[in-house]
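**Student:** If you want the building blocks of each chain, they are given just below.
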Amino acid sequence: MAVDSRSTLTVAGVALRTPYWVFTGALALIFIFPLVWTAVASVSPHPGTNQTHGWGFGNYETLAGYQAGVWRYLANSALVSLLTVALTLTVSLLGGYAFARFRFPGRDALFLLTLAILMVPYATLLIPLYVLLNRVGLQNSLVGVALVLTMFQLPFSTFLMRISFEAVPRELDEAAMVDGCSSFGALRRVLLPAVKPGLITVGLFAFLASWNDFMAPLILINDSDRMTLPLAVANLRGQVQGVVDYGATEAGVVVLALPCVLLFLLLQRHYVRGFMSGALKG
Amino acid sequence: MQTTAPGRRGSRLLGWLYAAPTAVFVVALFVVPLLLVLKMAASRWPLLAGDQGLNAPDNLTRAVSHRLFHDSVVFTVKYTLLATVLLIALGLGMALLVQESSRWNNLLRASFLIPSALGLASASLLFYVLYSPYASPFAPLMRRLDLTFLGSPNAALLSTVFLVVWRYAGFYMVLMLVGLQSIPADVFEAARADGAGRWQIFRRVTLPLLRPTLALATVLCVTGSLLAFEQFYLLTKGGPDNSTVTVVQLIYLIAFQGQNDLGVAAALSVLVLLALVLLNALQLRAFRPEEH
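Listed in order, the protein sequences are those of chains A and B. So the first sequence is numbered by this note's numbering: it starts at 1 and just counts up by one. So the second sequence is numbered by this note's numbering: it starts at 283 and just counts up by one.
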């Protein structure tokens, strides 16, 4: 194959490949540089920040002391994310099971309706949701935000769980039921381990989406004590003594990005699989 | 289906039971809001006072005649074209670069993908600092060349497009990789055996067979870009001189900043929804395989 002849380690081969390595390496650096630079800049000295001399965590101290304090915003974000992940996992596990293994009237209509959420703009739904949540006493509530974010996760997660269940041979749960398991017992004992990779992908994407979401809390949360971290960092830019504190903003971006980058590095395979199942949908 | 559950009726009931949480979420948080937004679009509905009764079609005419309506539509379309062309071309180019599996290519793929794990809001805040004339690593260069990243309408548009390409190119690369993998290897072998060059293979074999992937990527990218919000809200704040206000930003502006008119905002968002559904239908038709 042409591929092999090019990658053989002859002198000519290496000479041919060098421009490729230089070019692709430079391209990769463009993608990595903004992240590395922000992390380094957040601890390096810069006038007009809380870290004017020497290296240190002055910018993080500014962040920690901003209004209700970074811990409050971290806790708010963690609450929204964990609730969204738990709800998304539960609803899409049960829903995926129903769509893959049962026949019931309205099944296809409900599935299509769930996928249709993707077609409707975020803003189109957030405006009536703002009114509706007010009516049921969930205004200004992190639980309300988590419920809304779960709904937005459902098309992807229900679709992924359905194909995860469909990939498991029917004989497996049928055998379990012959052995006296109820359908729920079969789900818990036999199917749950089989669809675990799907669940990890669903959970990962639900976390990334809810941890990073900006528009839902922007519209649904008014109380500054209940802001999530992305809102707090965005507000902090303009409100520290009237001038933009770039150092504290950098620190905020690092705190926001860190869990996402770590999860990406840990679960890269599941992450790419999630994107790919999105691609196969077409 | 006899083996699935104790009898057909029981199986039906169980199916509904497992699907019930999905149904509750979809109905309460999707169907009901969708119906409500239609009602709001036809009603006078100030942010604080709430429903004041039907007034159709006032909201629609007021949305369309808003002083920023025309500019925001033109700008959103311009941004969408630019972002879509760049993201699809770069995604495809990067996919072709790292297509063969090797340790180096795996490293490249991971580097291209890392930014996509960040939220768009975090990425926008990151570039807000990166583009600032004070804190940017390019600040000395910017001063020497008398150049700003966000100072003029065109610079602001291009800088935002760069941020979006940085954030999303890896995602489109993965889409393209999946598409490329679905093309059987012997098709390329046959083309090569027939003496086709690299460019010819790309034009005559890869691109036509990649059609479904390109269709999906275009639909996703056009939809996402038409609904752009965070990148402009956080990075350019719609400036300079309201030159980078997108349609969704206008909806937010009308609903929650100043005007506080949920009715007009709802009318505008229904308009956006209709435009999007129409556009996606047209795109899917245009990309349909020729033999049908």
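Quick caveat, the hints were computed from the structure, so don't treat them as lab data. There could be a bad hint or two in this list.
[What the hints assert, rightly or not] Not everything, but these chain A residues come out facing chain B in the computed CB check (under 10 Å):
no., residue
1, T18
2, A28
3, W55
4, F57
5, G65
6, G69
7, F102
[Unchecked claim] Pulled from the structure, derived: some chain A residues nowhere near chain B, Cβ distances all over 10 Å:
no., residue
8, G13
9, A15
10, H46
11, N50
12, A64
13, Q67
14, R72
15, L74
16, A78
17, V91
18, G95
19, L110
20, Q139
21, V190
22, L218
23, L256
[To be verified] Here's a subset of chain A near chain B, in silico, CB distances under 8 Å, partners left out:
no., residue
24, V36
25, W37
26, W71
27, R107
28, S141
29, V143
30, C181
31, F207
32, Y246
33, A257
34, C260
Positions of the beta carbon are idealized from the N, C-alpha and C atoms, including for glycine.
**Student:** Determine for every hint whether it applies to the structure shown.
**Tutor:** To see whether the hints hold, each was checked on the structure:
| no. | hint | verdict |
| --- | --- | --- |
| 1 | T18 | violated (12 Å) |
| 2 | A28 | holds (4 Å) |
| 3 | W55 | violated (16 Å) |
| 4 | F57 | violated (17 Å) |
| 5 | G65 | violated (19 Å) |
| 6 | G69 | violated (19 Å) |
| 7 | F102 | holds (3 Å) |
| 8 | G13 | holds (13 Å) |
| 9 | A15 | holds (16 Å) |
| 10 | H46 | violated (6 Å) |
| 11 | N50 | holds (13 Å) |
| 12 | A64 | holds (17 Å) |
| 13 | Q67 | holds (17 Å) |
| 14 | R72 | holds (18 Å) |
| 15 | L74 | holds (14 Å) |
| 16 | A78 | holds (15 Å) |
| 17 | V91 | violated (4 Å) |
| 18 | G95 | violated (4 Å) |
| 19 | L110 | violated (6 Å) |
| 20 | Q139 | holds (12 Å) |
| 21 | V190 | holds (14 Å) |
| 22 | L218 | violated (8 Å) |
| 23 | L256 | violated (4 Å) |
| 24 | V36 | violated (10 Å) |
| 25 | W37 | holds (6 Å) |
| 26 | W71 | violated (19 Å) |
| 27 | R107 | holds (7 Å) |
| 28 | S141 | violated (14 Å) |
| 29 | V143 | violated (13 Å) |
| 30 | C181 | violated (11 Å) |
| 31 | F207 | violated (10 Å) |
| 32 | Y246 | holds (4 Å) |
| 33 | A257 | holds (5 Å) |
| 34 | C260 | holds (4 Å) |
Going through the hint list in order, the structure does not satisfy hints 1, 3, 4, 5, 6, 10, 17, 18, 19, 22, 23, 24, 26, 28, 29, 30 and 31.
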